[in-house]
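Each protein sequence line maps, in turn, to chains C and L.
Numbered according to the working numbering, the first sequence terminates at residue 380, and the numbering increases by one at each position without gaps.
Numbered according to the working numbering, the second sequence terminates at residue 838, and the numbering increases by one at each position without gaps.
Everything labelled a hint here was simulated from the structure, so no lab data went into it.
A few of these clues could be false.
[What the hints assert, rightly or not] Label-pair distances were calculated between CB atoms; the ranges are:
hint: 1; chain 1: C; residue 1: N159; chain 2: L; residue 2: T777; range: 19 to 25 Å
hint: 2; chain 1: L; residue 1: L715; chain 2: C; residue 2: G43; range: 48 to 54 Å
hint: 3; chain 1: L; residue 1: R686; chain 2: C; residue 2: G43; range: 52 to 58 Å
hint: 4; chain 1: C; residue 1: A231; chain 2: L; residue 2: T692; range: 38 to 44 Å
hint: 5; chain 1: C; residue 1: K33; chain 2: L; residue 2: K753; range: 29 to 35 Å
None of these values were measured; they are calculated from a predicted model.
For each residue, glycine too, the CB sits at the ideal point set by N, CA and C.
Below are the chains, spelled out letter by letter.
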Amino acid sequence: MSGKKSFGRFFSENAVVIIFLLITVACIKPSGLSLTYIGQEMLTRLGRDSFLVLALLLPIYAGMGLNFGMTLGAMSGQIGLILAMNWNLRGVDGLIFAVLAGTPISVLMGYICGVVLNKAKGREMVTGYILAFFINGVYQFIVLYMMGVAVPIKNPAILLSRGYGIRNTLNLEGVRQSLDNLGMIHLGPFALPMATYAVIAVLCVFIVWFKRTKLGQDMRAVGYDMAVAEAAGVPVNRTRVLAIIISTVLACFGQIIFLQNMGNFATYNAHDQTSFFAIAAILVGGASVKRATIPNVFIGVVLLHVLFIVSPLAGQNLFGSAMIGEYFRQFIGYGVIALSLVLYAWRNRKEIERRREGFRGGTAGAAAAPAEGVGK
Amino acid sequence: MSDARKTSKRKVPLRRTLVRTALILVYVGLMVLVFVFGKGHTLLVDNKDVAGTDLRAYSLVKITVDNLKPSEETKGDRDMFKIKGQKHRIVLEVPGDPNKIVRYVTIPMGSEIVLLSIPKLAAGQDPFETFVPAEAVTPDREAQSFTSAGSGEATTPSAEVPVLPTP
Chain C
5 MSGKKSFGRF FSENAVVIIF LLITVACIKP SGLSLTYIGQ EMLTRLGRDS
55 FLVLALLLPI YAGMGLNFGM TLGAMSGQIG LILAMNWNLR GVDGLIFAVL
105 AGTPISVLMG YICGVVLNKA KGREMVTGYI LAFFINGVYQ FIVLYMMGVA
155 VPIKNPAILL SRGYGIRNTL NLEGVRQSLD NLGMIHLGPF ALPMATYAVI
205 AVLCVFIVWF KRTKLGQDMR AVGYDMAVAE AAGVPVNRTR VLAIIISTVL
255 ACFGQIIFLQ NMGNFATYNA HDQTSFFAIA AILVGGASVK RATIPNVFIG
305 VVLLHVLFIV SPLAGQNLFG SAMIGEYFRQ FIGYGVIALS LVLYAWRNRK
355 EIERRREGFR GGTAGAAAAP AEGVGK
Chain L
672 MSDARKTSKR KVPLRRTLVR TALILVYVGL MVLVFVFGKG HTLLVDNKDV
722 AGTDLRAYSL VKITVDNLKP SEETKGDRDM FKIKGQKHRI VLEVPGDPNK
772 IVRYVTIPMG SEIVLLSIPK LAAGQDPFET FVPAEAVTPD REAQSFTSAG
822 SGEATTPSAE VPVLPTP
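Excised from the complex, chain L in its bound form:
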């Protein structure tokens, strides 16, 4: 009797531990799932000639990404879409051409900003290009821009300094 009790006492904590572990795993899994589906990216869409190839930009093209508001680009234009998730449907419509070009792209998880070439996408090539951001303003340069005349002392921009509330 006492052995049976001991056995059941042992079993309950184990089961409880397993259930709790499973719940924690489900919780973490849910976070990962939401992270993957909710991850936002900035998609820059370039309608420019591709250097070194015979791929030419469209003189006018209408670009639709997923269900977002379409954008019309003339030759040399660049537009931006704020998207979330990895897989996206891009539809290209060229005036006078009844056939729509539909392409699916998968954006790498780690990329915040992705540059996509329309001529490459239409040609069925890997459309992603390396995005080189404009030179970032370093804190020193940023501070210098707030240097007061004559003093030579750098001051921090006031908008950035948190104002701590007093109780």
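Same shape as in the complex, but just chain C:
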């Protein structure tokens, strides 16, 4: 009985990961792709996406849920890249310039986002999502109408022929894979972008170190219980704003790393699904709205992207249409987020019921853990 219960609990806690793992494994065979190809793609995508997904951790620690506002950071990174392309900056220097140009914008965006989210405590995710739409409008206004007029853009390769506004697609030829190719190691059939991995590793170390600092401890306290943290003298609002600022800045860096790997970007909608796929990845990795760890990030990126690699071909081979796999990819992204949020709500309700039983004198909930709290 107890074994059954513990299995049930294990399944409910890891339902998203288990379901995803099963679908992914089931799709590998019909896709007809070799394991070497899947492995190489997975290694590439691990370098491309991990930084963006890691940017989600701090707001989760601070109890602000999944930061849909990270799109603001992505837009800042894109503005940095547009400026770098305007001045024809090449290589890693071009990327560093994009980072330096994008950082002040992302700090400002993060501050605005943090202040707005403080006004909407308890509804941070939906507020961040809608805020991203609003700032998207501002971004499009600046990039489509202000660049070339108020912002001097001289490079005809990126400017629309009418004299203002940036072209629909930007070629990042000058900085394409400049970070990935730096210190690239070839191990058998695999190419490992070591510099990109090193940057990701530095961010992981930073997150581990940051959690031990005073500010990191404050964030965890705020995430656990805002009222208690306030009573203990933690500046709750300031701490939450800082969590969002850091996340937005990291999202800016992450978007630059992502785009240098892709080699080009759709100026007006490359950022649209940044938060969406990053959040899907971290949820697939077993994280929830209130609990996330670094391993969740990597498990999620690997699982989500292996499915993304195999699903179009599996769709092609099983149903005769690659589009089915493409639809499947979209469906999976949204579905995972929905499933995870539903499971989170369901688990919390179960946990509350169990605790209530414990208070009534039952044995089941006496030793039960509290409702899902802040990650380790």
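Since the structure of chain C is already known, use the hints to place chain L on it.
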């Protein structure tokens, strides 16, 4: 006591302001540094006779710019290198001549495309020549090329018009 406190209170903001100003300056300085080192240029290398002089093009020459992939040019050829930064090392190797010609050139910061004459470079003269780009297509002419037959109305090329996403 209160005076001392006041003095220390005054000092702290000043120090903080100085530190912040210094940090901003370092930040801007870093951007300038990265800009200078990362500035990209297109280097066009011409192996052509120089008009009005006795400088003649090589019948075959191997050109290496920095550590980029070398290019072999016959007489009258033009090749392109995408380079970054201002100072560059150019090595010329002529078949049958064991001596390599090594030259260093500094590209002006404001120039996006630079035309360099190999015979002038080998002779030790100022190798840069004025680059005249092909006639640029004006927006009007570009639009005309998309004029639909019979309508007389110019249409904008669809690839350029940004498609705004709907939420």
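Tested hints:
{"no.": "1", "hint": "N159(C) - T777(L): 19 to 25 Å", "verdict": "holds, 22 Å"}
{"no.": "2", "hint": "L715(L) - G43(C): 48 to 54 Å", "verdict": "violated, 42 Å"}
{"no.": "3", "hint": "R686(L) - G43(C): 52 to 58 Å", "verdict": "holds, 54 Å"}
{"no.": "4", "hint": "A231(C) - T692(L): 38 to 44 Å", "verdict": "holds, 40 Å"}
{"no.": "5", "hint": "K33(C) - K753(L): 29 to 35 Å", "verdict": "violated, 44 Å"}
In this structure, the hints that do not hold are numbers 2, 5, in rising order.
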